[in-house]
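Read in order, the letters of the sequence shown correspond to residues 1 to 1246 in this note's numbering.
Only pairs whose alpha carbons sit at most 20 Å apart, straight line, appear in this in silico PhoX-like list of lysine-lysine:
id	residue 1	residue 2
1	1021	796
2	1239	1198
3	978	1028
4	637	627
5	796	1028
6	978	796
7	648	637
8	684	648
9	627	1028
10	511	486
Hint data in this document are derived by calculation from the structure and do not stem from the laboratory.
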Amino acid sequence: MFKSTALQNQSYFDSGRQCSPARGLRHNLLPVLLYLLLPISGGFVQGAVAQSMYGCPAPAGGFPEEVTDPPATAQDVERDRNRLKDFLLYYVEQVSEGEADTWHTACIARTENGPYYSGSTYLISLTVDGRVWVHAKDMSLSARQLNPQVYAAILSGLGVSADDIRSLGSANPADASQALNSIVARLSAEEPDGPFSFGGDQSGIPAASGHAAAYYSVGGGSPIIILTGFDLTEAHLIGLVDENVDYGNPSIEAKDVVDRETLKEFVTEAVDYLRTLLERGNLTNLSQARIAMRDPNGPWRHDSVYLYVYDSSSEQTLFHGAFPNRFEVLNTGITEDVATGELVWTLVEEAAARRPEGGFLSYHFDNPSDDSDEAVPKTGYAIEVDVTTRRNDGTITPVKFIVGSGFYPEGVDAAEPTDPGQAIACPAPEGLNVDTLRNPTITAQEATTPQGLRQFIVYYRDEAKKLEDARMERDSVYTACIARDKEGPYYSDSVYTVSLTVDGGVLVHAKDMSLSARQLNPQIYAAILAGLGVSADNIANLGSSDPAVAGSALGAVAAKLSEEPDGAFSFDGGQSGIPAASGHAAVYNTSEALDSPPIILIAGFDLTEAHLTNEEIDHETPSIEAKDVVDRDTLKKFVTAAVGYMRKVLETGDPRAQSRARLELRDPNGPWNHSSIYLYVYDKVTQQTVLHGGFPDRFEFRNAGISRDVVTGELVWDLVTEAAARSPEGGFLSYHFDNPNDNSDDVVPKVGYARELEVSVTQSDGRTFAYEFILGSGFYPEDVAAAEQAKLLSPKAWHVRFGRTVSQQVVDALQDRFATRPQAGLQLTVAGERLNGTTPLEENQEALSKALGFETITPQQLAQESSFSFTASEHDAPAQLSFWGTGAFSSFSGSEDSLSLDGDVTTAMIGADWRGPRWQAGAALTQSWGSGSSDGGQDDGDITANMTGVFPYGHYGLTPRLGIWAIAGYGWGELSFKPDGAEYNPSTTMTMAAVGKEGVLLDGGATGLTLSTRADMLMVKTTSGEDKDLASSEGNIFRTRAGLEAARPVSLASGASLVPSLTLGVRHDTGNAETGFGMDLGAGLSWTAPESGISGELKGRTLLIHEDDDFQDLGLAISFSWNPGPSNLGPSLSMRHSMGATVTGSMDALLNPATMELLDTASSSSQQFETQLAYGLAISDRFTLTPALGLTLAPDKKRYSLSGRLQPYSHQDQADGWELSLDVQRQERRSATSDHSVKLGVSLSF
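Model the full assembly from the supplied sequences, consistent with the hints where possible.
See the structure below:
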C-alpha cells in the first residue's frame, strides 16, 4: 500500500502529462491547491456577497443558479438506503456544473438538517491522494489522510485497477507517481461512481461502506472524489504521528502571545508561513498546514491562542484553529459580538485593511480554554494577504484572504503598560526642555503666605510664557496638564491655578474642569482686574449696555494687561450671596503669532460654582444631535457634524470663541450632549484630552495615552488614533468605558467613532499655526437598548389592523365592480334604498318605513349602504367609462399578548374606470376614518386615525365567467394616540397589494359538472413615525385564500332533480396581527320536485385543519319547503333546522372572515329551528291576502311572528306590481326582557 508521503518528493503533477486527452488540460499544482484552499474562481474575487439558501453566502451576480434541494434528500436516504446513489450524483452534478460556487455548495452540504446532511448521511470530499478536504459532519478531521486500506476500497469501487492501487504504495517515487497519474487520468476522463466496502481488519480499523463519485475540476485541474453513506471517524484516518508535518519555525509561538506586540508578531509570522507553502506549490504540505495550525502541541496553537483564515470575498471561514466544526466552510458574516451587536467579520475586515501590516480589533468571543459558551473580551490582530497565482490557462489571478489571531486579556496581566513612557502623566511635546517647569522654586504645598503665593503664580506664569514660543500654542496644553497633575508641584487642595480669558471666562480650572468655559461673576472679576491695576472707570464701563462703550473698555483692559502685571485681589462677598474670593493674579501675553489677547492666571482662590454666572447659550443646531445617536450610522453623522462645527471655531484663532465652544459642547441641554452621548477632543501631538463632554474633570488636560480599556488592557488612545486614521472620514472602534449615565465606575461596552481634524490658522503676520486634533464620540449599546425599551409605546398592533381593514374594504368594493357590469345612466343608493326608476321599487320595501321615521338610519348604515354609479354609454357599447362611489363600515377586534384591541373603520371611496369587453382598469381615491382603543398593556389608550389613499386596479376576463384581478394602493395620514393622558400624533403610511382569481373554471350547464373557484392574496404594510417618546413602528400582514366548489345536477325519472355539491377552502394568515392556517370542507345535497312544489336540502361543513388542535368547527343544516300552487293562493310551508356553525356558502365561511380568530368567534355549538306557515286568500279575484305565522326556536331565544301581505293576484313567475306588508314580532331572550316590533312595508313596481 502507499504511504502518506508519496507526494512530498515528486508529484504526479511534475510529469506534465495530460490527464485527459479530450480536455487537453495541463496539470499544475498551484492552481489546484489554491482552488481547494481559496475560492479564486468566478465571482468570489469580486466582493459583494448575497445571502443564499441555508444562510450560506454566495457572491452577488456570480451564479445564475443555486444548489437546489435534491430529488432524494439526506433525510430520504436515512429512511431508504437504496436512494444513496441518486442523492450523491445529484450533488456531484450541481457542484461540477457550478464550480465557481464550490465553497457555497460545500457550505450548504455542511448545513445540519439541510437537504444534504442528516444523521449519518452527509458528504465528504477527498483530494486525489486520499486526503479529507471537507468533512460535512466534523471539519476537525479535514486535511487528514485516509487509512490506505480504506482509500484502496474507495478507488476499487470507482473502477481503479488493483495494479495501480498497489503501485501507489511503492517505495519508488517514480512508480508511485506513475500510478497516481494513471488514477488521475481514469477519474478525470470517466468521472465514475460506484459503491465501496471495507470490512475492517484486525488492527482495529472500523468497517467502511458507502457510495463514491468522481468529477473533474476544471478550475483545479484535478479530479475530486465525493463520498456519502460513510460515517467517517478518527479511526478511519492515519495517526497524527504518521503525518510528516512541516510546522515552520516561528520566533513567536502561540504560547508566547501575551500582549498586542507579541500578537502582531505571531500573526505576521503565520502569514509568512502560509505564503511560503503557497509558493512551494506542494498540495500535501499545504493540506498538512491545516493540521499544523490546529495541533494543540504545535507552535501555532496553545490554550486559547489560535489562528483563523477568512476568505475576503465569500465571507466564509476557511480555517479555524479552535472551532473548526463550528465555523469552517460556514458563513462568517453572520457571527455577532454578543456584547456590542457588531458583526465580527466587519471588525476583522476593517482591522486587516487598516494598513498593509494589518491592525488590531477588540470584540467578544467564546474562549476555547473554558467549557462554557460565554463570549468574553478578546484582543485580535488581522492581516489581509494578497496572493497572485498563475492558473493552468496561463492567466494571473489575484487571491485575497485574511489571517488573524487574538488573546483573551482575562488570562493576561493587562494592567502593565507595554511602553513605560506611556505612564508619564503629562508627556512633553518633542523638542521642549521642561525641567524648570517641572521643578518650581516653590510648590503649591509651600505657597502658604501672600508672598509665597505671589512667587508661586509668577513662576508658573513665566515658565508658561517661556514654553509658548511663536509657533507652539499647544505648549499651553502641556502646561495646563502639569498644573492639573494632583501629584505634581502645582496642585494642592487649597492652592491651584485657574486661567482666565480677558473677558473673565474660565479657561482652565486645575481643580474642576467642569467649571471651565464658564463666566466669572462680574463683581469678582472686577476685584481681580483692580488687583492688576485696571482703572475703576474701565472696569465699570465693561458692564455698559452700550456695545461701543463696553468694547472700548475691553480694549483698554487688554492694553493694560498686555503689560503683564501681577497683584493680589480680594472680594469680601456681598448681600447677593456670592462667596468671598481672594488670591493672587498674574498676566502673560500669548504668542504674537496667535493674535490672541492676554491670559490671566490666578492662584490661592478656591473657585466654585457659586462664583460663576448663569448663562444662556445660543446653540448652533446640527443636522444630527446627540439625542439622535442610536447606531453606527447616526454616530458617524453626529461626529462629522461636530468636526464641521469645531473647524469653524478653531479657524477664528480666538481663545474666547474656543472657550465658548467648550461650554456648548458640554451643555447637557444642548445638541452636542445628551445622556451618555458626548464628544471628546484629543490633541494628537501632546496626547492630551482637550475636551471631554462626559467626564471633563477626570480627563481634560490629562494624558490620554495612559487610559486603558480595563477589560482588554488596550490603550484607548491607540484605539482612537487607529480608528481616526483609517480613512479621511474616520473610523469605528469598540472598547469598554465608564458610562456617565450611571453612578458607578464600572466599564461597559462602547461603540465609538473618531475622525481627525486638522486646521491651519493664518496669523496677521502671514505665518500659520496648525491644530492637529482627533474628535470622537460613541454610544453605549446598553443605553440604546434601554432607550428602545422605554419606547415600547407603539400603535403598531392597532394600526396594522386598521390598514388591513381599509385594504379589505377597498378589495370588497372593487370585487363588486368586477362582478357586475354597470347600467347606463345614474344609479343612486342611499342607506340601502335605490333612488331611481329604472328598476322595480319592490326592492325598496324599507323606504317608506325609513321615510316615515319608523326605522332609524345610523351613520354606519348611511356609509355602508350608500353608493352611486354613472355610466354614459349603454351596456352593449364596446367600451364604457364609469364614475362611481361607495361607502364601507367595518369593525375589528383582536388581541396581542395581554393587549386587547378594537376599532371601527369608515371609508368613503370614489373612482373611475374604463371597461372593455374583457378588461377593466381604473383608480379609486379613498378617505378613511378609524377610532378605537387598546387595553390591557403599556399601550392602553384611545386611538383615532385618518388616511387618504390611492388605489389603481385592473380586471381581465379569461373567459366570460372567469377573471383575474389586481389592486395596488398607497395611503398616508395621521394617528392620534392618547395613552394615560398623553397625546401623540405620528404620521402614518400604508402600502397594499392584492391579486386574485374568481369565477367558473368549468361550466357543465344543466347536466354536467360545474367547477367554481376563488383565490386571492393580500399584502399590507403599515408604518407610523416617531413622536416624542412614542416609538416608530412597522407592521406587515400577508393573507392567502383559495377555494374550489364542484356541483353536478342529476335528473330523476319523476321529473325531480338532485344536485350534489362539494366545496374546499384553504387560507393562511401571517404577519403582525392575527395569524393562522385552516382548511374547510363542505358538502351539500339538494332535491327539487317542481310538479309537487316540494324541495329539500341537506348541507354540512367541517374545519379539517386549524392551528389550534382543540378547536372544532362543524355545521349541519336541513331544510324543507312546500308550495304546491302555481299562484300565490293556497298554503305554503317552510322549515329549517341548523346545528353548529353556519353552513351557508361553506367555502365563504372560511374565506370571508377578516381573520381566523373571527372564524373561531363565529363557531357555535347551538341549534336553531325556524318554520313559517302561510295561506294565500283571494279577495274579489283581484287581490291576494297572505297571512302567515312564524316561529323560531333556539337555546337562548324564541321569536314569534304574525305577518300579512296584500298584493295583486299573480302567478309565481309574474311580478306583483305592488305590495303592502305588515309584520308583528315578539322575541323572548333568557337574559333580557321581551322585545316587540311592528314593521310596515310598501313596494311599488313601475
